Amino acid sequence: MNTSSNHETRDPLGLRDLPAMTPPEDGWKQIEAALQEPARSGTGFRGRTALLATAACVLLAALVVLKTQAPPPAIGPQEVATITQPDASLEQDQTLNDLIAMSQTLEKQLKGIRTHSGSIPASSAVYVAELEDMVAQVDTRLSVSPGSINLWGQRVNLLLDLAQIYQQQWEREYGRMASL
Amino acid sequence: MAENAFEIIVDELTLAGARRGDMAARERIYRLYHTASYNVAMRVCNCRELAQEVTHEAFITAFRRIRQFRGDAPFWGWLRRVVVNHAISALRKLPKADLVEFQDYQASADGDQESIGRAMDLEQALQRLSHEDRAVIWLHDVEGYRHGEIAQIFGKTESFSKTRLARARQKVRTMIESRERAERTQLTG
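Chains A and B are the protein sequences, given in the same order. Sequential numbering of the first sequence, starting at 113, is according to this note's numbering. Sequential numbering of the second sequence, starting at 980, is according to this note's numbering.
Treat the hints as calculated values from the structure; they're not laboratory data. Note that the structure is a prediction, hence the values are computed from the model and not measured. Hints may contain errors.
What the hints assert, rightly or not - Cβ-to-Cβ under 7 Å is the rule here; a few derived chain A residues that face chain B:
| # | residue |
| --- | --- |
| 1 | LEU127 |
| 2 | LEU130 |
| 3 | MET133 |
| 4 | ALA145 |
| 5 | ALA146 |
| 6 | SER236 |
| 7 | TYR239 |
| 8 | VAL240 |
| 9 | LEU243 |
We treat Cβ as the ideally placed atom computed from N, Cα and C, and that holds for glycine.
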């Protein structure tokens, strides 16, 4: 592939060579505040359900905490522990181990949540089926590339989505129960 | 080397954290892509304040909808699309954008006057283009969007993108050439 000729065709005026501009200010604090706004608005009954929802969130948070406690299965942690100078490949191995551990913990927790949660609405059920189908697709690809960080990341993200659906269902059920 | 400033890879753990709502992970993502996002917004909008606002809103939207990102394509491409959509949407509401000031640009480290001069000519020519011409030329030539994608972003046809691109390039060339001619005339006269 001739990169320079492609570059000329794509950018004949040389716009890519123009100097970068510096953003006038750091906007993170405002973005952070905007993202946290809905969480602060809960009052009264909604506030109470929000608290209960927070309790439900603890379950999800626990999943994340567990990843640091659960030994990364099928991977030799002793070998990693003996090396004191981390390099890129070790970091990648660690990331892979973390993602595999997180995926397994999420699987286990989802199994528990499914057992204890009631029926879910049809709209959510469709979404759950779609997500489970996507997990199956990722699993198929993982059977070919078991060491792919990208695929394990996708798997964790899909399982988090599933957990989110069950968590929302739990919040709804608790809300109904609390209103009786 | 990355084709453009947006092509930064974010690790899967940070992405997973951001999807869970972890603010530290989200801040890491913001820090990684803030400058690139501002630059795309600035090139499309041609107005510092508007570009800042667009960047701000785009990050809020991206973090609120991050669960929609499935991870089957690079995250930077998804985020850049969010920024571009916000910028185009802002342009639609704007009859006329303010002009950019040259002090916004970082001077090159070696201070090569000739290259700075060329860049300034190109900058000025870009600024004189219409919003749509400038957005199309930047999205195609720098960001690497295809005509079909640009057409989709603008809600128009591919021929709109092709025509705009050809016209914008020609306008820029004409403006730079006429400026060079004027400078030569001044020197010889």
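* **Cut-off 7 Å, beta-carbon criterion: hint that A/LEU127 touches chain B** => holds, 5 Å
* Asked: Once the shortest beta carbon distance from A/TYR239 to chain B is found, is it less than 7 Å?
  -> Violated - the Cβ of A/TYR239 stays beyond 7 Å from chain B, reaching only about 11 Å at its closest.
* Asked: How about A/MET133: closest beta carbon in chain B under 7 Å, or not?
  -> Status holds, d = 5 Å.
* **Restraint outcome when A/SER236 is required to lie within 7 Å of chain B by C-beta distance** => violated, 14 Å
* At a threshold of 7 Å, is the proposed contact between A/ALA145 and chain B supported by beta-carbon distances? -> Status violated, d = 10 Å.
* Does the CB of A/LEU130 sit less than 7 Å away from some CB of chain B? -> holds, 6 Å
* Should the hint that A/VAL240 touches chain B count as held when the rule is a Cβ pair under 7 Å? -> Hint on A/VAL240: violated, closest Cβ of chain B at ~14 Å, above 7 Å.
* Minimum Cβ distance from A/ALA146 to chain B below 7 Å? -> holds, 5 Å
* Is the shortest C-beta separation between A/LEU243 and chain B less than 7 Å? -> Cβ of A/LEU243 sits 10 Å from chain B, so the hint is violated.
In this structure, the hints that do not hold are numbers 4, 6, 7, 8, 9, in rising order.
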